[in-house]
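Novice: In case you want the letters, here they are:
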Amino acid sequence: MAQIIFTQQLARFLPVPQLATQAPTLRAALDGIFATNGRLAGYVLDDQGRLRENVVIFIDGQRTRERARLDDPLRSDSTIHILQALSGG
Amino acid sequence: MAERALLATRKGLFELTRGAAGWQLGAPHFPGDPVSAVLHDARDGATYAALNLGHFGAKLHRREAGSEGWTEVAVPVYPPKPEGSDDKTDWTLKQIWTLAAGGADQPGVLWAGTLPGGLFRSDDRGVSWQLVESLWQVDGRAEWFGGGYDVPGIHSIFVDPRDSRRVLVAVSCGGVWQTGDGGATWQLRTKGMQARYMPPELAEQGAAQDPHRVVGCAGQPDVLWCQHHSGIWVSTDNAATWEEVAAPLSTFGFAVAVHPRDAATAWFVPAVADQQRVPVAAALAVNRTRDGGATFETLRQGLPQQHCYDLVYRHALAVDDDGTTLLMGSTTGSVWLSSNAGDDWQEVNAHLPPVYAAIFTKTD
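In order, the protein sequences belong to chains A and B.
Count along the first sequence starting at 1, add 3, and that's the number in the working numbering.
Count along the second sequence starting at 1, add 26, and that's the number in the working numbering.
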């Protein structure tokens, strides 16, 4: 199962889950999380469902570059970090 | 008379409490977080604070009357942008710029003015929000442009106390708009204004006007004051027409406050000009008129008169319901109070974060 790890900076504002997923893409994984955690979605995605400008996601140590579709593939053993960018601070 | 006041700043929401020893500054709510707007709803005593988190977007919190705790409620969310739309605007909430309570006959109704230019309405105290599509789709919105920020925004909302369906909003830059039917239809209300930063042939164009701030007199709602990018205007006919007003030092500035019952009394904080947004001669002053703009007094007592570069932003000058207590904060973090309508000022603090907004609140 892929592991999704949210920055603890978010814990200032709301409960932050540490989750495992079998989703095949980043978008599917996020959709699954936000389906039961709607408020968290608003902290990570903007009104149009894109990654917020000052949030970054790393998959297995590689920063994702596609911010709208978020269709990066996940492996069954991927580790996904969702972090605040140094920009926006 | 208010017993509390709130200062929305770049790094938290600071509360002032009036006590035996005068006004005391407390520790901030939301320490470190930018607070872009604050509203005290006199109908139910609730307070709303809009945050603009650098990484995680705009948020809205509500504090119930008598409570010290805050609860996060919903923020306005723009609908999905239609496929193939030629609208250049990014349909994403950038910031809540102002909040206003609906009328006394509309419990639970709130209005939110936002960047990039959407007006939103809540019927349930911020639990949910709906974009006012009639204004978002109004002819000419594509011509709106950023004023103060890179994208247009609504910073002023005035609900007519006589008729809650009549709502006026001001947009930087997009003019002054008014509805008389609760938001079903909107009319531009800028007749008489001059946008001197535009080519001469476009100076009177309604949506090109940059009203930095518009306030209405609660007791005489036909009177509205506007601190505009190009000067000061007043309307005495409910925004049907506007008349330009001359004032000493400079008519450039951002903030305006109007007496809650005496519409002829209003306060302004002049700055040199748009290309030099500092006090004239580095000496802070407040201009006050008591005769509808025919004459002004320039008030300086208690304000720094040398080496002062404080700018009072559009929401950062407040007048209490008593009409004599004033509060203002600056972009360099200074805060002053006056208990005699601006004749004398006392420094509250000179080391706060940049102040975005100031309001008085009634005792809970």
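The hints are simulated quantities; they were obtained by calculation from the structure and are not laboratory data.
Please note: incorrect hints may appear among the correct ones.
[To be verified] Once the Cα atoms are required to be at most 20 Å apart in a straight line, the calculated SDA-like pairs of lysine to any residue come out as:
1) B:Lys107 <-> A:Arg72
2) B:Lys114 <-> A:Arg70
3) B:Lys107 <-> A:Arg53
4) B:Lys37 <-> B:Glu98
5) B:Lys37 <-> A:Phe16
6) B:Lys107 <-> A:Glu69
7) B:Lys107 <-> A:Leu13
8) B:Lys37 <-> A:Glu69
9) B:Lys107 <-> A:Ala88
10) B:Lys107 <-> B:Glu159
11) B:Lys37 <-> A:Ser90
12) B:Lys37 <-> A:Arg53
13) B:Lys107 <-> A:Leu54
14) B:Lys107 <-> A:Leu48
15) B:Lys107 <-> A:Gly52
16) B:Lys114 <-> B:Leu51
17) B:Lys114 <-> A:Arg53
18) B:Lys107 <-> A:Phe16
19) B:Lys37 <-> A:Leu73
20) B:Lys388 <-> B:Arg30
21) B:Lys114 <-> A:Gln51
22) B:Lys107 <-> A:Glu56
23) B:Lys107 <-> A:Arg15
24) B:Lys37 <-> A:Asn57
25) B:Lys37 <-> A:Ala14
26) B:Lys114 <-> A:Glu56
27) B:Lys37 <-> A:Gln12
28) B:Lys114 <-> A:Gly52
29) B:Lys114 <-> A:Ala88
30) B:Lys217 <-> B:Val271
31) B:Lys107 <-> A:Gln12
32) B:Lys37 <-> A:Leu13
33) B:Lys37 <-> B:Leu51
Quantities reported herein were computed from a predicted structural model and do not represent experimental measurements.
Novice: Of the hints stated earlier, which fail here?
Specialist: Violated: hints 7, 8, 9, 12, 16, 18, 19, 23, 29 and 31.
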